[in-house]
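From just these sequences and the hints, can you work out the full model?
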Amino acid sequence: QHCKHRNIIDKKDFDCLLKYLLFFSNLLFTVLGLVVLALGLWGLINKESFAQEKIGQISTDPMLVFVMLGLVLSTLCLSGCVGALRENCCLLQVFSATVLVLVAAQVLAAIVAFSLQGQIEGYLRSGMLAAMVRYQDDLDLRFITDEIQIGLQCCGADNYRDWEVNMYYNCSAPGVLSCGVPATCCVDPLENGTVWNSQCGVGSQQLDEFSAQSVIFLGGCLGGMSRWIEQHTGLIGAVGMVLLGVQIITLFITTRLMDNIQCSKDTR
1 QHCKHRNIID KKDFDCLLKY LLFFSNLLFT VLGLVVLALG LWGLINKESF
51 AQEKIGQIST DPMLVFVMLG LVLSTLCLSG CVGALRENCC LLQVFSATVL
101 VLVAAQVLAA IVAFSLQGQI EGYLRSGMLA AMVRYQDDLD LRFITDEIQI
151 GLQCCGADNY RDWEVNMYYN CSAPGVLSCG VPATCCVDPL ENGTVWNSQC
201 GVGSQQLDEF SAQSVIFLGG CLGGMSRWIE QHTGLIGAVG MVLLGVQIIT
251 LFITTRLMDN IQCSKDTR
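Just so we're aligned, residue 1 is where the sequence shown starts under the numbering used here, counting upward by one.
Some clues are possibly wrong.
[Unchecked claim] Simulated restraints, written as ranges between beta carbons of each label pair:
1. Lys12 to Leu71: 34 to 40 Å
2. Val94 to Pro174: 39 to 45 Å
3. Glu87 to Val246: 18 to 24 Å
These are computed hints drawn from the structure, not numbers from a lab.
No residue lacks a Cβ here, since even glycine has one placed at the ideal position from N, Cα and C.
Listed below in structure tokens is the structure:
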């Protein structure tokens, strides 16, 4: 009888541990979601995206991704957080069902991405060319494009001549940027090793590849992305498996907690 009583205590302690583990983990991700949401809203407000003349373009604003991601993450994790603390089966069922849908969606997305690699590359090419067209007009797209070109040491989607699509870098443009590329395409954008030279890519499209290779990166960013993914396949797979594992463990803990809550109600 003493052993049986001890087992009951141990089980209660374990269930209490699961409850607060679920609570604190969801609390952490709720705060993270709110930070992401605040970052997205700050970006939209800072750029005056809610102004009447810009409201029509808000659906294409990259900061909207942060707003939606933060809203979904904070709402979902808040339901799990409150559900665990209050032992509310209704909230826990909503939380577990949503996590289950997300797990299924991630597995499906991985399968689709693997089977449609050619089409995805086409979508990426279209997206990057669209970003290049709006390079001078959208600060977010400009920042993203610059970071990709610097990080992957590339220029354009397929090659440096893709910058012809931009009205300022087009060879028929009247300005000083005509037939050039952004400074982030340059092999050495620093003048004398210290000062950023924003004009280092001027006239680069007029150069042949042999002459241009000492000034700018010739290769496109799509090829750079493919090589980066190939080089980091193991890391990407490991991160994906860890994230999937965390979600599955969360589902297990939530299910166990709901069973315990239901058993407690039945024994009253």
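*Pairwise beta carbon distance, Glu87 to Val246, judged against the given window 18 to 24 Å*: Since Glu87 and Val246 have Cβ atoms about 22 Å apart, the given range 18 to 24 Å holds.
*Holds or violated: 34 to 40 Å for the Cβ distance of Lys12 and Leu71?*
holds (36 Å)
*Do Val94 and Pro174 keep their Cβ atoms within the hinted range of 39 to 45 Å?*
Cβ of Val94 to Cβ of Pro174: about 59 Å, so the range 39 to 45 Å is violated.
This entry does not satisfy hint 2, going by the numbered hints stated previously; all others are met.
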